[in-house]
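Chain B: place on chain A using the hints.
2 protein chains.
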Amino acid sequence: MALSGIRIIDLTRILAGPFCSMLLADMGADVIKVEAPGKGDPVRGQGAMKDGFSWYYAQFNRNKKSITLDLYADDGRAVLADLLRGADVLIENYRPGVLDRMGFDADRLRQLNPDLIVTSVNGYGSTGPYVDRPSFDFIAQAMSGFMSVNGTVEDGPLRSGPPMSDLVAGLYAAFGTACALAARGRAGGQRVEASLTNGLISMLAYLSAEYFITGTPPVRTGNNHPIVAPYGLFHAADGDVAVAPSNDAFVRRFLEVLDLGHLLDDPDFASNDARMANRERINVLVNEKIGRQTVDHWIEVINKAGVPCGRVMGLDEVFDDPQVLAQDMVLDVPHPGHGDVRMTGFPVKLSGTPCRLRLPAPALGAHTDQVLRDLGYGDDRIDALRRQGTI
Amino acid sequence: MALSGIRIIDLTRILAGPFCSMLLADMGADVIKVEAPGKGDPVRGQGAMKDGFSWYYAQFNRNKKSITLDLYADDGRAVLADLLRGADVLIENYRPGVLDRMGFDADRLRQLNPDLIVTSVNGYGSTGPYVDRPSFDFIAQAMSGFMSVNGTVEDGPLRSGPPMSDLVAGLYAAFGTACALAARGRAGGQRVEASLTNGLISMLAYLSAEYFITGTPPVRTGNNHPIVAPYGLFHAADGDVAVAPSNDAFVRRFLEVLDLGHLLDDPDFASNDARMANRERINVLVNEKIGRQTVDHWIEVINKAGVPCGRVMGLDEVFDDPQVLAQDMVLDVPHPGHGDVRMTGFPVKLSGTPCRLRLPAPALGAHTDQVLRDLGYGDDRIDALRRQGTI
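Just so you know, the sequences run in chain order A and B. Numbered per this note's numbering, the first sequence spans residues 37 to 427. Numbered per this note's numbering, the second sequence spans residues 37 to 427.
Okay, chain A solo, but in the shape it has when bound (with noise of 0.2 angstroms):
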């Protein structure tokens, strides 16, 4: 696998920082997941339960060992600095300071391990003025400027459905990582850190080059797309259809196949000024069409005409969607004791060194015994550590 005999040591719970280790685990590194005795990622007790077990939990930490770890304790640091001698990679996502303080600053670090990639995942970065605010998904949402050009002008700013900020500082975080390791035989170990506010930030995209050539924030356009129209959700027969017909000649294909070629010859939907400027009536005019036959019927004739065109699905139609399951994107994980758990699949494929799945969500603690004894701990030792709680 592509990160075969890459170690990483992964001090990270909830989403962002554990998407990221999911990441380089579902590459094939040896992930190695520290966890609370007795608690663990707040995340094994979150989200959709079945029995007892979080299927999120089981999503977003496949393919990883457990081992439980008094950090409070001096004898616990003691082990977490054993393990990072001879890892590749330590992830963390505190907030900035707080692993200086239990003791591992960038000096000990260093010392510890001169080759080691120290990956942090925050809320806000390591410097400036917020650096000791808490920080959380929604709030990088709001900070980042995503909320304000997301939904309707009426409804005021909202937040994506899914948690974006975690996920793409999760990603990030991850790339960097992978970058490092690329540059690692050069460069050493060093620090990568992604954010969730500046990842959101990055993402913005044309949104924020207009607002940096005209001073103007941009207003939030729900479906309809800021330049172009005809463009967004028309109305079936039996439901919606989503349309993206990007410039003047998908515009052309699109009519002609809804018999409304013929608009392009009225000055008023000539050009894509006159039709932006009349959107809502060539909407209509649209829509009329479209009404007559079903989402299935439009899917095929507005696609075959090199228009880009699908149905707008719930979550039973993506998991049951015939492209979607050929792409294996979705997977049933036997884990014991909890039978088989549904979860999405690896959306990089890579040919020569795919990735898979090894492992499943680890029970807590399953590997400490194990990855102690890799260390050279001998069962007494083990055994010292586990009556005195730090295991």
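Derived from the structure by calculation, the hints contain no laboratory data. Bear in mind that the values here come from a model prediction, so they are computed numbers and not experimental data. It is possible that some hints are incorrect.
To be verified - Quick partial rundown of chain A residues pointing at chain B, CB under 10 angstroms, derived from the structure:
id: 1; residue: L39
id: 2; residue: Y166
id: 3; residue: N234
id: 4; residue: G251
id: 5; residue: N283
What the hints assert, rightly or not - Here are the simulated DSBU-like pairs of lysine-lysine, each with C-alpha atoms no more than 35 angstroms apart in a straight line:
id: 6; chain 1: B; residue 1: K86; chain 2: B; residue 2: K101
id: 7; chain 1: A; residue 1: K340; chain 2: B; residue 2: K75
id: 8; chain 1: B; residue 1: K75; chain 2: A; residue 2: K75
id: 9; chain 1: A; residue 1: K75; chain 2: A; residue 2: K86
id: 10; chain 1: B; residue 1: K101; chain 2: B; residue 2: K75
id: 11; chain 1: A; residue 1: K325; chain 2: A; residue 2: K340
By construction, the Cβ of each residue, glycine as well, lies at the ideal position given by its N, Cα and C atoms.
For chain B alone, kept in the frame of chain A given last:
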């Protein structure tokens, strides 16, 4: 830099592919963007323009070189073959099969360069029933289920403001490429693929886990957290404040800051289940307190209590925010002939091999001669290619 010495031939246009190659260029890769003579990437003429120059193009094509090459001409394809012989990575975002029909199928690519990593970004992946369909961000948002969980129950499915499926697919492709580079000593060349639909499907997080357990598609919850109350946007005297108390301990601290701690003694609000059942009532009580002070006041005191909290910012506020500026998330990049172009900064921070701005986005074909000379082409040959319109 992390990817110094990595040479990338970039056939992509519009957004998902150019975002992937920008991320790799920001990390130090030598990216040669191949564009059609006389036209180039359509984004050169799209989005917010200033004096005929697209700042959207400038943002997503920084740190790249541009050469013109007619890939419909035999001579142009011969130049591409020469480029690929000396390259580490090829990135393309054609529909599956187009590169093959151009004469660069898997066998030919392997023959030209067995160590070449071939990265594809496309709509649906390269296998399955929809493989020949055109795609587009809006369609992937509809078909991934993202729209079904974004927005409010009342308003129906809603796309995200920014083009998230393009950006997530580009970021996944960059991550996969970096992993393939890290593996190359062992694995040699291989194919890396990310798609708009698969990328967003992988970001449904707890929403997909919930569906897999319950069999019921999640409902859109607007700004309300699906499983925690109180949570969301509250109305201060001069604007909205986002507050995310994600568990009981945070809810207690939040209510105590508001002098509403006594509510937790009331059976109607004592547990999260009770508060979810009485969400509207508790929101009224919270808003009554929040409305008495300014956003600034609440951000100060709620964060100080350790509860994640922030201002809902428009882009004007985001790009004036002291934290955003401290994180260098705004760059002013001198573009010869176009003055300073403002763009967003680097979302991944590497301490040892940091991202930096080496090149402004290139004029169309600005590096054609230099790149061809580096291939060993003489002036006569370059002139001939130019006369016949191949470059």
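Each hint tested on the structure:
This hint holds: L39 of chain A has a C-beta 6 angstroms from the nearest C-beta of chain B, less than the 10 angstroms allowed. The closest approach between the C-beta of Y166 of chain A and any C-beta of chain B is roughly 4 angstroms, which is under the 10 angstroms cut-off, so the hint is satisfied. Satisfaction of the interface hint for N234 of chain A is found here, the shortest Cβ-Cβ separation to chain B being roughly 5 angstroms, below the 10 angstroms cut-off. Because the closest C-beta pair between G251 of chain A and chain B is about 8 angstroms apart, less than 10 angstroms, the hint holds.
Hint status for N283 of chain A: holds, given a least beta-carbon distance of 8 angstroms to chain B, under 10 angstroms. Only pairs whose Cα atoms come within 35 angstroms are accepted, and K86 of chain B paired with K101 of chain B is accepted, the gap being roughly 21 angstroms. Between K340 of chain A and K75 of chain B the CA atoms are separated by roughly 27 angstroms; this keeps the pair inside 35 angstroms, and the hint holds. For the suggested pair K75 of chain B and K75 of chain A, the alpha carbons sit about 60 angstroms apart, so the restraint of at most 35 angstroms is broken.
For the hint linking K75 of chain A to K86 of chain A, the alpha-carbon distance of about 18 angstroms falls within 35 angstroms, and the restraint holds. Between the alpha carbons of K101 of chain B and K75 of chain B the distance comes to roughly 16 angstroms, so the proposed pair stays at or under 35 angstroms and holds. With a C-alpha separation of about 17 angstroms, the suggested pairing of K325 of chain A with K340 of chain A holds against the 35 angstroms cut-off.
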